[in-house]
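4 protein chains.
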Amino acid sequence: MQGETTILDGIPKIDVGILGYGFAARAHIAALKRIREVYWPPPALPQCICICGRNEDNVRDAAARYEVKRWYTDWHKMLEDEEIHIFDNCGTNDVHAETCIEAAGKGLHILCEKPMARNSEEAGRMLEAVKASGVKHMCGFNYRFVPAVRLAKELIDRGVIGDIYHFYGRYAVDRAMDPEIPLRWIYLKSRAGSGALGALGSHLIDLIRFLIGEPRSVMAMAKTFIRKRKKVDSDEWGEVDVDDAVSSLMEFENGAIGNFETSRFCSGRKNNQCFEINGSKGSIVFELEKMNRLQVYLKEEKIPHTTGFHDIIVTEKDHPLFKEWWPTGHTLGWDHTFIHEMKHFLDAIVNDKPVEPWGATLVDGYRNAVICDAMLLSAKTGKTVDIHY
Amino acid sequence: MQGETTILDGIPKIDVGILGYGFAARAHIAALKRIREVYWPPPALPQCICICGRNEDNVRDAAARYEVKRWYTDWHKMLEDEEIHIFDNCGTNDVHAETCIEAAGKGLHILCEKPMARNSEEAGRMLEAVKASGVKHMCGFNYRFVPAVRLAKELIDRGVIGDIYHFYGRYAVDRAMDPEIPLRWIYLKSRAGSGALGALGSHLIDLIRFLIGEPRSVMAMAKTFIRKRKKVDSDEWGEVDVDDAVSSLMEFENGAIGNFETSRFCSGRKNNQCFEINGSKGSIVFELEKMNRLQVYLKEEKIPHTTGFHDIIVTEKDHPLFKEWWPTGHTLGWDHTFIHEMKHFLDAIVNDKPVEPWGATLVDGYRNAVICDAMLLSAKTGKTVDIHY
Amino acid sequence: MQGETTILDGIPKIDVGILGYGFAARAHIAALKRIREVYWPPPALPQCICICGRNEDNVRDAAARYEVKRWYTDWHKMLEDEEIHIFDNCGTNDVHAETCIEAAGKGLHILCEKPMARNSEEAGRMLEAVKASGVKHMCGFNYRFVPAVRLAKELIDRGVIGDIYHFYGRYAVDRAMDPEIPLRWIYLKSRAGSGALGALGSHLIDLIRFLIGEPRSVMAMAKTFIRKRKKVDSDEWGEVDVDDAVSSLMEFENGAIGNFETSRFCSGRKNNQCFEINGSKGSIVFELEKMNRLQVYLKEEKIPHTTGFHDIIVTEKDHPLFKEWWPTGHTLGWDHTFIHEMKHFLDAIVNDKPVEPWGATLVDGYRNAVICDAMLLSAKTGKTVDIHY
Amino acid sequence: MQGETTILDGIPKIDVGILGYGFAARAHIAALKRIREVYWPPPALPQCICICGRNEDNVRDAAARYEVKRWYTDWHKMLEDEEIHIFDNCGTNDVHAETCIEAAGKGLHILCEKPMARNSEEAGRMLEAVKASGVKHMCGFNYRFVPAVRLAKELIDRGVIGDIYHFYGRYAVDRAMDPEIPLRWIYLKSRAGSGALGALGSHLIDLIRFLIGEPRSVMAMAKTFIRKRKKVDSDEWGEVDVDDAVSSLMEFENGAIGNFETSRFCSGRKNNQCFEINGSKGSIVFELEKMNRLQVYLKEEKIPHTTGFHDIIVTEKDHPLFKEWWPTGHTLGWDHTFIHEMKHFLDAIVNDKPVEPWGATLVDGYRNAVICDAMLLSAKTGKTVDIHY
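Residue numbers (our numbering), protein chains in the order written: chain A, 1 to 389; chain B, 390 to 778; chain C, 779 to 1167; chain D, 1168 to 1556.
Bound conformation, chain A alone (with noise of 0.2 angstroms):
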């Protein structure tokens, strides 16, 4: 027997536009593509149709190399097109506001990417956009997509560790320590918002507020080690006006203390987001450098004098989000993360279910925004600020 494949029938399609070709959107479109070889049937089947940049020539490669049917170098333009139904924002974080707030108000979806914004404020506006528009919408915190994270908060959910007493996380990198590194739009607050705690850190306080819950207070301290840099393609200097790392210190509304590093200044961290938890049962332990790995320490145990910190691969079939995967020890990448992120927005948009819990929304993306703030403001102040949404 023999046949031509037929085209689908009753399910969905989804056009996508986007901003940004760098390496997010390069993520986020081959992520679409593969959603229906991963997920059978799918929720709907993506595309990505057109792809939004400032430069003409980078814009339209990246349209040839990503097989995207249209692009533009207007976003105003792109989110007149009337075939798109979601808005997905990889653009720089000084063009996440008002684009989204306008695509909001053309009925689109929206997926942002993280930090939501440059600060708590834009944060704020685009919260309200969304609510008023009434769309669906994402912030782009792929880390709850990773199997190990989610095996976490379901072992947190079911009381496996009991109450929690203690976070410890750090998301450190050794990107910005070399002084030659010129002084990009990341380095400046008008339009980075802030430094290694919007780019790496705000990754971190969404992974703490979604397995910990809500932080009272914090208590900070900020810096910049490289304080002056070359300009882009100039001989003259220029000021960082962003941190270069943040620490804090976090009380939870349920009692728990928390320890927060974020930096750009760690020899030898190459993508180091870790967390451990420590609860009255037991304890937790991720790494992201080793993404297909969680250590959870449980202080019973059916065999007596085993205790000890088990060495999880999440691999199983039964394990959260490699079902449709491969084989048990065939591990997954950084990229797969956003199979699953856009699987699940796709899922609830067509399906009409809530983004929340195990996608982050704006909501997450705005009280992140807040937390951020508060951090930089008890690093000024030397006091501890509390978190009010």
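It is worth saying that the hints were derived from the structure and are not from the lab. Certain hints may be false.
[As the list claims (entries may be wrong)] Only pairs whose alpha carbons sit at most 30 angstroms apart, straight line, appear in this in silico BS3-like list of lysine-lysine:
#1 B:K712 x B:K679
#2 A:K228 x A:K189
#3 D:K1395 x C:K1068
#4 A:K317 x D:K1356
#5 A:K299 x C:K967
#6 D:K1457 x A:K299
#7 D:K1395 x A:K302
#8 C:K1068 x D:K1457
#9 D:K1390 x C:K1095
#10 B:K691 x A:K290
#11 A:K299 x B:K679
#12 D:K1466 x A:K299
#13 A:K223 x B:K706
#14 A:K228 x C:K1077
#15 A:K231 x B:K706
#16 C:K1077 x B:K691
#17 D:K1469 x C:K1068
#18 A:K380 x C:K1001
#19 C:K1080 x A:K299
#20 D:K1469 x B:K670
#21 C:K1077 x B:K706
#22 D:K1273 x B:K612
#23 D:K1484 x B:K612
#24 D:K1273 x B:K670
#25 D:K1484 x C:K1008
#26 D:K1180 x D:K1273
#27 C:K1080 x B:K706
#28 C:K1068 x D:K1397
#29 A:K383 x C:K1161
#30 C:K1001 x B:K712
#31 B:K679 x D:K1457
#32 C:K1001 x C:K1077
#33 A:K106 x A:K230
#34 D:K1390 x B:K670
#35 D:K1448 x A:K302
#36 C:K1095 x A:K281
#37 D:K1180 x C:K1095
#38 C:K1059 x D:K1490
#39 D:K1390 x B:K542
For chain A, the structure is supplied; the task is to place chains B, C and D on it using the hints.
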């Protein structure tokens, strides 16, 4: 500015026909689709345009899921499909030889999954066929395309670890330990050729030859721990006539000795292909379950008192096979190896480059089968068996 | 040939009187006995000749077990013992100040276990006393004498990791999590001074000062997770008025920032004193539970593509504090640190060398207490507290 | 209250004569001294009262250092010393047989370091001698006395890991890689019997027998990587006629298969005795360089989704061999194993208990030698060799 994306000029199209729709085929198809995203411009624009499998419902469904234009239930028919340039064999071991020989005869380039054949006699005939037709050929030893493995190869070739004294390798899983697993084809010599040896061990034998060189002789033991399993969908018992585990010693032409293990009965080992190589100047350790890492020990260090295994996260722009990927520290998963492998094969075809040494050819697949046969013979006779190709 | 072993000439004898017979005292006595075996010839031939404790049966039994000539139940009496040269204080925190001050007044050299006192006021008086009498003094921060910690110090001093940006340290155990544990002296401010902070955290604060330098200011949070415990051998409940956990941020005089945690409520952490230091040229990681190892990352390597944390087994003849021990790879245990510490103190006494910087003095013990007090004050006020000695 | 410490009543005194003053003897003497500190009351009060070595200056110096009453340069003379109850043989392999046989003839209990003899013929004669005299005897396989190894044994005996399928073990060091190392006695068959096999591999073979049971047959390869070394204090070259490395496969009476490696040519491996055991219900992993840890995998867990290797820190009060030590998490070092071993032997002597199974006897030492001989024979003949005791 805005525009429509046009067809790419000057990049050749390569069409592929795949036998099988299991997880290997799925990984191959996914890889073919992503080549242009990772390598830009790509050496070719590949497409899987037809797929073949025994079960009509399944193959039709797979074709829809993976966006494959045509499907067949008879592989002879697929090989007559005039559009295809590459025959990609992801079928069971017992349909490797006949199909590849026929495909080679039709002038199709051959990509054959491992183990290349049920034994060296079959493999030898396949090798004759591709030699006779002059097509490009590759055997699916995808672990040559793990960045950390490639880095190991480069370090060895650069003399960094000196003369090699020892190889230790193991490919261990725990997949076959449940006695309730029925007598699937993988447990039958008539269909699989061998057990853990062909399914897992052949990968490791390929890495041994890739990294260390040719073995001169082997001594081996083989075990079948569960000898009876119920036939599939039946109450009748049948006999497992392949190995559950093979252990072997090896002596190499360069004087090194090796120690090889493969088993499906190692509790807790999920996809545990690992190796250690000890040389006169240093050592290398790799573990597939942590595939983004390589451990390297160097006897001489720049800074005194710091000798110790380096835990290298193989995700730098100047690390092999990572240049086209993400920022440092963003890890790859198992399936990404196929993108590297497929791109390599396309490049060899389009630009008439050799597949070896970075890729394995059917020469490697044949020699691999000779070594497997020698191990099983030694296990039977209790004597050293020399390797002759 | 054969012979009788004669008395050693020319090696001074040093006699020690110890307060306490718990595990610290036991470790001290064992260490004193082994000095001659490890260091040959030793700087002195030490002997614990008397021991003092409140409970007559226990102290008599300890004297027999540890081959101590005399025992006392009244420490004033022991200090009158004319044979002793060193007063070694292994008593509870509330008998540190009074005893050490009296002993110093009698011209005895002082070795005082940590924390040196219940607070900085007490510690200050002790420091005054030893300064006034001119005796040698050491505070029992034995982790300075772990070979891997010493190696870390040497690497930092040699500039190997460059300017320091970050310190993270934690001393975590899970010893206090059981609510059935009674209200022992360690849970009472009147006797212990503080909780986890003094018992564990003071060790880490000492390592911070040893490795990084002086902190300029701190911000801290403190928690008591179990506030009520049953009094010892009673049905009555009493209040825990010390911390179960303290977390603190630190700013250092050299511009680095630090992150400090100590807790008795970290499930699965058994004696988990660990730290990470990030500098401009590299990083260092240490974990007490793997005390024979040091992880060191160096930005620049001799062999390209091999950057990664070195896992150094600190058991080479040219590693610090290991020369006198076993062949390479034969690891040390926790109690061996005291042999290094005691020998260092004897050497300082006999050869009139300074105890610092390799050993901690009562100056270090005092400053440590100042920092502990500052952390507790910050936790109470919610404000940054500057450090003034 | 105060008092003088009196002589202990009712605890027998056991006097020991030691042959040798190298690091093994040093570790034995240190252990004998510490028994009363660790085990209270101890089974006996042991003392090393005489020591014997070839070099008069060295042995006299050792006697002074280690507080040994008498020294000899002629072992016959020492064996005539009427005070000694135990002959502790820490001499080179070529003085094991003759001395032990003579000592046994004099009714001395025998503790003989490993390997027990240069070959099984010698070992057999030694075994005959101790059987004939009826003394207690122990072979110095101290790794049976590592708490983690003992825990492994207990878990296996309790059936926790089920039926055993696989053993893998390696004892690797890098001590012999420098070609400048002269032709010491360890490289000469006439003095050492074998190379890495006896010096290191015999330890591992003992653990195999302790943990898994008796091997039925072996297949082995042996290598000498550096065949010529300069004679000690000479310019003349001599031949290394022992192995630098031996690898072996084993089949066990219980159906398991084993894989064994020992080598002095593994760069970066310092004292790397490690093993993995895979059973039907779980697996166990041990590594001597992290001797306070045991990894245990259990197929069935109390909490679903948490299967993974447990990283057990074997320092709990209820862990084997740790009860008498420190608070949880305070790790032991290599030399502490001898305290356990010596106490065990004293207990066997004083209370007439069997040395086996927790300790190894000369029966174990003999069988060990038979297995070593079989491995070397297989390496020579290229054939399987059956084990017959």
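Hints and how they fare:
1. B:K712 x B:K679: Holds: B:K712 and B:K679 sit about 20 angstroms apart, inside 30 angstroms.
2. A:K228 x A:K189: holds, 14 angstroms
3. D:K1395 x C:K1068: Distance of about 39 angstroms is beyond 30 angstroms: violated.
4. A:K317 x D:K1356: violated, 55 angstroms
5. A:K299 x C:K967: Roughly 29 angstroms between the alpha carbons, so the hint for A:K299 and C:K967 holds.
6. D:K1457 x A:K299: holds, 22 angstroms
7. D:K1395 x A:K302: violated, 56 angstroms
8. C:K1068 x D:K1457: holds, 7 angstroms
9. D:K1390 x C:K1095: holds, 28 angstroms
10. B:K691 x A:K290: Holds, at roughly 28 angstroms.
11. A:K299 x B:K679: holds, 27 angstroms
12. D:K1466 x A:K299: Status holds; Cα separation ~18 angstroms.
13. A:K223 x B:K706: Answer holds: A:K223 to B:K706 is near 28 angstroms, not above 30 angstroms.
14. A:K228 x C:K1077: holds, 22 angstroms
15. A:K231 x B:K706: holds, 24 angstroms
16. C:K1077 x B:K691: holds, 11 angstroms
17. D:K1469 x C:K1068: OK: D:K1469 and C:K1068 at ~28 angstroms, within 30 angstroms.
18. A:K380 x C:K1001: Distance ~25 angstroms between A:K380 and C:K1001 Cα, so the pair holds.
19. C:K1080 x A:K299: Distance ~45 angstroms between C:K1080 and A:K299 Cα, so the pair is violated.
20. D:K1469 x B:K670: violated, 46 angstroms
21. C:K1077 x B:K706: holds, 15 angstroms
22. D:K1273 x B:K612: violated, 49 angstroms
23. D:K1484 x B:K612: Violated. D:K1484 to B:K612 sits at ~40 angstroms, over the 30 angstroms cutoff.
24. D:K1273 x B:K670: violated, 51 angstroms
25. D:K1484 x C:K1008: Holds - the C-alpha atoms of C:K1008 and D:K1484 are around 23 angstroms apart, at most 30 angstroms.
26. D:K1180 x D:K1273: holds, 19 angstroms
27. C:K1080 x B:K706: holds, 18 angstroms
28. C:K1068 x D:K1397: violated, 39 angstroms
29. A:K383 x C:K1161: holds, 5 angstroms
30. C:K1001 x B:K712: Violated, at roughly 48 angstroms.
31. B:K679 x D:K1457: Holds, because 20 angstroms separates the two Cα atoms, which is no more than 30 angstroms.
32. C:K1001 x C:K1077: Given pair C:K1001, C:K1077 is violated - Cα atoms ~38 angstroms apart, limit 30 angstroms.
33. A:K106 x A:K230: violated, 40 angstroms
34. D:K1390 x B:K670: holds, 18 angstroms
35. D:K1448 x A:K302: holds, 13 angstroms
36. C:K1095 x A:K281: Judged against 30 angstroms, a Cα distance of about 43 angstroms means the pair is violated.
37. D:K1180 x C:K1095: violated, 37 angstroms
38. C:K1059 x D:K1490: violated, 44 angstroms
39. D:K1390 x B:K542: The hint holds at about 24 angstroms.
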